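*Asks:* Residues per chain are reported as follows:
Number of protein chains: 2
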Amino acid sequence: MDTTKDLYPSRTSAPTAMFERLDPVVYGNADQGPLSQEQLDQYNRDGFLFFPGFFNGQTIGSFVDELHRLCSDRSMAGRDDVITEPDSQEVRSIFQVHKHSDVFARLCRHPRILPMAQQLLGGDVYIHQSRINYKPGFQGKGFNWHSDFETWHAEDGLPHMRTVSCSVILTDNNEFNGPLMIVPGSHRYFVPCIGETPENNFRRSLKKQEIGVPDNDSLAKLIDQAGGIQAPKGPAGSLLLFECNVLHGSNANMSPYPRSNVFFVYNSVKNTPRRPYAAPDYRPEFLSERGDFTPLRAAG
Amino acid sequence: MDTTKDLYPSRTSAPTAMFERLDPVVYGNADQGPLSQEQLDQYNRDGFLFFPGFFNGQTIGSFVDELHRLCSDRSMAGRDDVITEPDSQEVRSIFQVHKHSDVFARLCRHPRILPMAQQLLGGDVYIHQSRINYKPGFQGKGFNWHSDFETWHAEDGLPHMRTVSCSVILTDNNEFNGPLMIVPGSHRYFVPCIGETPENNFRRSLKKQEIGVPDNDSLAKLIDQAGGIQAPKGPAGSLLLFECNVLHGSNANMSPYPRSNVFFVYNSVKNTPRRPYAAPDYRPEFLSERGDFTPLRAAG
Numbered sequence: 210m211d212t213t214k215d216l217y218p219s220r221t222s223a224p225t226a227m228f229e230r231l232d233p234v235v236y237g238n239a240d241q242g243p244l245s246q247e248q249l250d251q252y253n254r255d256g257f258l259f260f261p262g263f264f265n266g267q268t269i270g271s272f273v274d275e276l277h278r279l280c281s282d283r284s285m286a287g288r289d290d291v292i293t294e295p296d297s298q299e300v301r302s303i304f305q306v307h308k309h310s311d312v313f314a315r316l317c318r319h320p321r322i323l324p325m326a327q328q329l330l331g332g333d334v335y336i337h338q339s340r341i342n343y344k345p346g347f348q349g350k351g352f353n354w355h356s357d358f359e360t361w362h363a364e365d366g367l368p369h370m371r372t373v374s375c376s377v378i379l380t381d382n383n384e385f386n387g388p389l390m391i392v393p394g395s396h397r398y399f400v401p402c403i404g405e406t407p408e409n410n411f412r413r414s415l416k417k418q419e420i421g422v423p424d425n426d427s428l429a430k431l432i433d434q435a436g437g438i439q440a441p442k443g444p445a446g447s448l449l450l451f452e453c454n455v456l457h458g459s460n461a462n463m464s465p466y467p468r469s470n471v472f473f474v475y476n477s478v479k480n481t482p483r484r485p486y487a488a489p490d491y492r493p494e495f496l497s498e499r500g501d502f503t504p505l506r507a508a509g
Numbered sequence: 210m211d212t213t214k215d216l217y218p219s220r221t222s223a224p225t226a227m228f229e230r231l232d233p234v235v236y237g238n239a240d241q242g243p244l245s246q247e248q249l250d251q252y253n254r255d256g257f258l259f260f261p262g263f264f265n266g267q268t269i270g271s272f273v274d275e276l277h278r279l280c281s282d283r284s285m286a287g288r289d290d291v292i293t294e295p296d297s298q299e300v301r302s303i304f305q306v307h308k309h310s311d312v313f314a315r316l317c318r319h320p321r322i323l324p325m326a327q328q329l330l331g332g333d334v335y336i337h338q339s340r341i342n343y344k345p346g347f348q349g350k351g352f353n354w355h356s357d358f359e360t361w362h363a364e365d366g367l368p369h370m371r372t373v374s375c376s377v378i379l380t381d382n383n384e385f386n387g388p389l390m391i392v393p394g395s396h397r398y399f400v401p402c403i404g405e406t407p408e409n410n411f412r413r414s415l416k417k418q419e420i421g422v423p424d425n426d427s428l429a430k431l432i433d434q435a436g437g438i439q440a441p442k443g444p445a446g447s448l449l450l451f452e453c454n455v456l457h458g459s460n461a462n463m464s465p466y467p468r469s470n471v472f473f474v475y476n477s478v479k480n481t482p483r484r485p486y487a488a489p490d491y492r493p494e495f496l497s498e499r500g501d502f503t504p505l506r507a508a509g
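Protein chains in written order, with our numbering: chain A, 210 to 509; chain W, 210 to 509.
None of these hints come from the bench; they were simulated from the model. Just so we're clear, the structure is a prediction, and the values are computed from it rather than from any experiment. Idealized CB from N, CA, C, for every residue including glycine. There are no misleading hints in this set.
Every beta carbon over 12 Å from chain W, so not counted as near; a handful from chain A, in silico:
(1) Ser222
(2) Leu249
(3) Gln267
Simulated coverage check for chain W against chain A, where a stretch passes if three residues somewhere in it have a Cβ under 8 Å from a Cβ of chain A:
(4) 384 to 390
(5) 423 to 435
(6) 460 to 467
Here chain A stands alone, though its shape is the one from the complex (with noise of 0.2 Å):
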């Protein structure tokens, strides 16, 4: 374990209540990138931004036939990266597209998203982690609520909530087809979860999360206070940045037509990992970057 003070301890014991979050949620100001006063107030206080339409259809189109090669890569099967549905063999996720993919790698340098990561968390930033979510038709299951940060503090030591995902929506997402739900304002608050954290508990936490998960009363406390459930739904194209904090999940797709997502987190290269804070051992590279902190520049 690391000796830096573990500022939002968890997987702990005995249940210990939620309190209010100890670092800033916006570290830039808006002469420093391309989110307004506006946008961020709207960040600061909802933990999310969402750009329906970011992307016209014949940008998001190379980008879906991108998804697709991957997807049905042969080679790529079998890998530890390649995370495929409980109960089937289809793909659910595959890790680290920014290394496997010139075009994601070029994507998470994209000259109108990576500098409002930077703003956002006040300067350089690298990919913690990368990966895109398939979720095809009627297979494709839910994800419990969590907080991202709970899991990349617990079991990647990212020892500060400096961290925010961008999600680049690859298909229409309907209230059919299992979208994204976030609980507005719940990144304010710190919830420790119960139990410690098992050997590989990633092998199993990809698949069903059921460590990192927070009590049904915070839960319902929070979103009760902080303003109910919100689903940003919209075409292919569209964008969410939500920071690493906010709870959210999402629910099956009972749809014919997948969900595909391609997602990119970016962490402040002053919030570089520790030893884990609440787990044996270190996750995997391909979900925690630990070699290359090498500050993005944007792609030309």
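Go by the hints and put chain W onto chain A.
*Replies:* Then chain W, alone, in the frame of chain A:
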């Protein structure tokens, strides 16, 4: 097995293509009840009718009180007709509530409801099954897509599609608490399902249905051709009538609030059960009335 010709073979060992239904959808006409010709046409086309705010808040309050009384009644625990969630002891459904409760006995004979069922089915009806679904906050799992008729035919022996379900919504339904989803127009086709019915299948299928579930290709085809998916949502007190063969399902309840409904299944007295068409034995009477086909009369 009954010697009566099986119009809708299911639980087959080899895949069988879906086919158009052999029974009418609407048995009565506009002169025989409260539903207009337009409403009958809509039911004929879509397989359901939704009435937002059918009952006012005060009326629905008395039904909600009765729901809570039954769900917290310790003398109900452990009964065969009380179904708990797969992962907990929380009540998921209580069956034959029209026998357990005077309030629900009157509700299924309500002078604004019963005549609609009689009109759709062309004459006298009785209750084939009744239940309340409690669907607690967070814990409520979903139901896979299915046709109720497929089970009522294969496992209960109802020969024809001459049955209608009535759901009275006891809590506000929204996109976050797992509302019922319907494939409009799917009631016009019968999808034979693969797989023999195991003994006492109902013990499992009431928690998670895996037998009698249509194949994904037929589902996708019906969703594509028939007009997508609809989720009739509305305030507590809304009422839904849906045809016995319309495909429906629901997602998990992601909200802290329960999603509770009361269901009555009205069957025509001309459609009483034969021997099960594709199961080794009858299901218990709490799922499938076999003793009392006395026509219901409207409550005063």
